Structures are given as C-alpha cells and as structure tokens.
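Student: Sequence:
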Amino acid sequence: MKSKNEKKRGTLATKGGPKGKKFSLKNDPFFETESKKRRKMDYEDDDIESGGSEEEAEIQGASDGNGGEDEDENEIEETPGEIRKRVATELLDKMRAIARKEKEGRDGDEEVEEEEARDSLVAKILQQEQLEESGRIKRVVASRLKKPETADGFRVMVKHPHTVTAVALSDDDLKGFSASKDGTILQWDVESGKTERYQWPSEDILKSHGAKDPRGRLKKHSKSVFALAVSSDGRYLASGGLDRHVHLWDIRTREHLQAFSGHQKPVSCLSFRQCTTDLFSGSFDRTIKYWNMEDRAYIDTICGHESEVLTLDCLRKERVLTVGRDRCMMLFKVLDQSRLVFRPPPTSLECCCFINNDEFLSGSDDGSIQLWNVLRKKPVYIVKNAHALLPAGQNVEQKGSENIPDNCLENDDHKIEGYNFSSTYSWVSSISVCRGSDLAASGAGNGCVRLWAIETGRKDIQPLYDVPLMGFVNSLAFAKSGQFLVAGVGQEPRLGRWGRLPTARNGVAIQPLKLL
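Take the sequence shown: its letter number 131 is residue 131 in full-length UniProt numbering, and every next letter is one higher.
Just so you know, the hints here were simulated from the structure itself, not pulled from any lab data.
These numbers come from a predicted model, not from an experiment.
Fair warning: there could be bad hints in the mix.
Claimed, not checked - Calculated lysine to any residue pairs in the SDA-like style (CA-CA distance at most 20 angstroms, straight line):
#1 K514 to S481
#2 K85 to C275
#3 K175 to K85
#4 K514 to G153
#5 K146 to L516
#6 K138 to R252
#7 K514 to Y236
#8 K223 to D233
#9 K175 to K317
#10 K159 to G193
#11 K147 to K378
#12 K94 to S170
#13 K101 to K384
#14 K459 to K480
#15 K480 to E191
#16 K378 to Q274
#17 K514 to A453
Unchecked claim - Taking CB as the label site, the calculated pair distances span:
#18 I83 to T456: 34 to 40 angstroms
#19 K85 to D172: 33 to 39 angstroms
#20 E255 to K194: 16 to 22 angstroms
#21 G457 to N292: 37 to 43 angstroms
#22 K333 to R252: 16 to 22 angstroms
All C-beta atoms, glycine included, are put in the ideal place defined by N, C-alpha and C.
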C-alpha cells in the first residue's frame, strides 16, 4: 500500500515538467499576471510614445492649420500667484529706480553703489511703506502742506447732470470714478479729465446676472447710485443704491458682471478691504453684509445697528467702522464676532473714516467733528461748529482757529446778519483722511472744504486751510500719494433733499496739494 502511494506522488511531481527538475509556480504560465496580448499592446504603445520627435510635432502642428494662432489669440489668464509675483517684481524695479535716482541726486559723479547696498536701501523703503500702510508709522503731511494758491478753489473736472453722491480713486491715483443720483457712473482720467461712461445692462441681462424683481410700484430697477468702491488691485468697481443690490463691474471693460441681492432696503455705503477683494456693504435695512467679489460669494451678515446704516469704512484688518441714524458708531471685529459701541454727545452722526487701526474721525449733523480712540467710548476731542455758516461773499482763506469765523459758537447761536440759519448747510456730510498721514478733510454745504491737521500726541485737531467750493460736498477722496484731493459736489445732499443750492454745479472737483 505504501509503495503505491509513493509511486503516485512521484508521478504527480514529475508530471508537467522535465524529468529531474523541481516544479515552480513562477514558471507556470497560469500564474503570469499579464497576458501576451496585453504585453504586445503595451509594447506597441511604448513604441508610439518613444517614436515622437520634434519634426513630427512640427508636421502635426502644420497640419492643424491655424490652431497655433488661435492659441496665441486666446490669452492665458494669470494665476493669483503669477499676479503677485508680477506686482512684486514691478514694485521692486520701481523701488530700485527710486534708490538709484536718490543716489545720483546726491552726487552725479559718484559711481553707482553695488547691488547689495542698493537692495538694502530698497528694503528700507519697502519696510517704511509697509509700516505706513499698516498704520504703525504716520506720514507727516499736514505741517508740510502749502497754502492753496488758486483763489477760485477747486477746479470742476467732470460734470454730471445730477447731484454727485460718491467719488472713488484707484490705488495708483490714475483713474477716478463718480456716480450721481440719476444712475450715471463715470470713469475719468485724473491727468486729462477724459471720461468714459458705464452702460447699465437691460432688465433681462440684470436678471440673468442675479438681480431680483423690483418691489412695490417700481416696474424696473432704479439706477440711482449712493455709493462706490474700488478694489485695491484695480479690477473691480462696486456700486450700490436704491435698487437694494450691490452691482459688480469690470473696470478694464466697463461691463456689468453680477448683481448681488440680499439687502431689503437701499444700499447706502460700500468699502473694499485693503489688498483683498472682500467687500462690506451697509444698507437702510440696518445690516452690514460681507462679500467676496473674486468668488462672487456672500460670506456673512453683521447686525447691531437699530436704524439705517449711513457710512462705513475699513482698512486691511477684518474690521469695519460704521455709523447710523441710531446716534452711535460701531467697530465690528468680524473674526471675533464682537463689536465696540461708541456714543457721541446727543447728535446724529453722518460720516466716519479710519485714521489708523486705533483712531478714527466722525462728522455729525450739528456741524461738529469728533476724534475717537479705540480705548475710549467717548470722543477724545470735539471740534464744534467745524463748518460755520458764512455770510455771502465772505472770503475763507485763513489759517488757524483764531481766524475762523464764529468757530466757538453752536450752529444755532449765530448773531451776525447775513448768515444762513438753516443747519442743513452746516452738516458735516463727508470726511476723509489721507491714508497713513496726519492730514484730513471735511465737507459740508457752507461753501468750503476744510483741511485739518490731526495731532495724535496732543489728541486734538487743528484747522489748516479752507478751500472754497460751492454746493453740498457729498464725498471726498484723497490721492494715496497726497498730491490732490477730489470732491463730489451737488445741489442737494447725498441721501435726500433737505436743502438745495441752485447756484452750485453738479460734478467732480479736484484740488492740487503741494508739499514743502
């Protein structure tokens, strides 16, 4: 029995292979992972890939006809990383040119410094600019400002058919934007004054871009604009007004991109966060909404005001400063989801703006200007009757508080004949600060724009000059370089018709500023 089993095992071991050799699974074709057919296909594919050459690519490209030309015509859009690299390179070249010019100005016969020394100077300039933009260092501009030479004051550069409600400038100070109550949005060149108009799309296109149907008796969207804002990269222009929408425009093509719905009442104010495409919008519905224009996305709704939001402002941080008709100013910290409430004396605030991350200004309807600090809930300094109601024909070209007429009296205490007793014309309707500096400007309907020096150490505001400008100054914007000031002026206030100046001209006025 035993011999039979051994015989069978020997037969099985030798079956399927040569005699005297061990059986291995590796040699068995059944356990091969790839078939011959598959190997053949892979081999052919490899031959095809390795057979490609530059000559064949040229022949193939020639056979495609105009395919290469079409690719050249369709420009490839830059990625965000490429845009940042290009902007950084341009800025570095600009700083190097400035450093080279400074070196040549000191001594034209000296040789140009070595690359390392020049780069160190460039680094110092960039660091100084970064500190100024962040608010850690304040540029001294007010003490170097020359008295305006033009007796006629502002020069009207752009005309509008109706009252101008908003003006804005691009970061490079080359382009300006303005809007009026009739819905006209103009883009103009600061140097030449050449204007280009933004065309509103049809109702069907607006609906396709996200606009909702008008409410109430309105049969179509109102084009009246109350606010404008320009992104730091110069790509987007945002507008808001009576139709409750935030409209996004492409500055390069002046085309309407999208309409953002969400507010239940008119949009009264807009502001882009610096160096981003994040946008804040304030409305009469008492809310502030947070958007991202790059992604065309709604982010958040910020609540806190008990009445209409009139003005807002923001810097680089995710903080937004707002004023409303509830007689209070609020600083919202978006990331922390918290707020600081600032309450002025019994008055209604009309406008506000940041000086830096810790200080800001506000203007009220009683003609006063307040200086605030983030550490105090009450004003640090108040200038009462900042825009005195001047008699007709009085010249306003003085410097210093002692020459300002009736500067210490309240608006209702004027005793001089010829003064306009209506407080509407002394409302501080707009206020602006030259970013990173100690120079500010305020406007009202009393016939002048007033320039101020902000003295942080003494915590006060000192008047500099009055520049004549007839009409309601509804919006102000300083050039980032501090070389000029732009004002949007009209016959009526921005958000209503509480007063009217028929002799005023509707348009955009510019005032050059010269430094010592």
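Student: All hints, please: hold or fail.
Tutor: These are the hints, each one checked on the structure:
At most 20 angstroms may separate the alpha-carbon atoms for a hinted pair to count; K514 and S481 meet this at roughly 11 angstroms. Proximity of K85 to C275 is assessed by CA-CA distance (about 15 angstroms); at most 20 angstroms being required, the pair is judged to hold. Proximity of K175 to K85 is assessed by CA-CA distance (about 23 angstroms); at most 20 angstroms being required, the pair is judged violated. In summary, the hint linking K514 to G153 is supported, as the alpha carbons are separated by about 14 angstroms, within the 20 angstroms threshold.
Proposed proximity of K146 and L516 is supported: the alpha carbons are some 6 angstroms apart, at most 20 angstroms. At roughly 33 angstroms between alpha-carbon atoms, K138 and R252 are farther apart than 20 angstroms, so this suggested pair is violated. Taking the CA atoms of K514 and Y236, the gap is about 30 angstroms. The hint is violated against a cut of 20 angstroms. Distance restraint check for K223 and D233: the Cα-Cα separation of roughly 26 angstroms exceeds the 20 angstroms cut-off, and the hinted pair is therefore not satisfied.
With a CA separation close to 25 angstroms, the supplied pair K175 and K317 exceeds the 20 angstroms bound. Taking the CA atoms of K159 and G193, the gap is about 10 angstroms. The hint holds against a cut of 20 angstroms. Note on K147 and K378: the hinted pairing is violated, with a Cα-Cα distance of about 33 angstroms set against a maximum of 20 angstroms. Taken as a hint, the K94 and S170 pair is honoured in the structure, with Cα atoms around 18 angstroms apart against an allowance of 20 angstroms.
Straight-line distance between C-alpha atoms of K101 and K384 comes to about 46 angstroms, which puts the hinted pair past the 20 angstroms bound. A distance of roughly 24 angstroms separates the Cα atoms of K459 and K480; the hinted pair therefore is violated under the 20 angstroms criterion. Annotation: proposed proximity of K480 to E191 holds, straight-line Cα distance about 15 angstroms (limit 20 angstroms). With a C-alpha separation of about 27 angstroms, the suggested pair K378 and Q274 falls outside the 20 angstroms cut-off, and the hint is violated.
Distance restraint check for K514 and A453: the Cα-Cα separation of roughly 15 angstroms lies within the 20 angstroms cut-off, and the hinted pair is therefore satisfied. With their beta carbons about 36 angstroms apart, I83 and T456 fall inside the hinted range of 34 to 40 angstroms. As the Cβ distance of K85 to D172 is approximately 19 angstroms, the hint placing it in 33 to 39 angstroms is violated. Checked against the hint of 16 to 22 angstroms, the pair E255 and K194 passes, with Cβ atoms roughly 19 angstroms apart.
One distance hint, 37 to 43 angstroms for the beta-carbon pair G457 and N292, holds here, with the actual separation near 39 angstroms. Between K333 and R252 the C-beta distance comes to about 34 angstroms, which lies outside the given range of 16 to 22 angstroms.
Violated hints for the displayed structure, listed by number in ascending order: 3, 6, 7, 8, 9, 11, 13, 14, 16, 19, 22.
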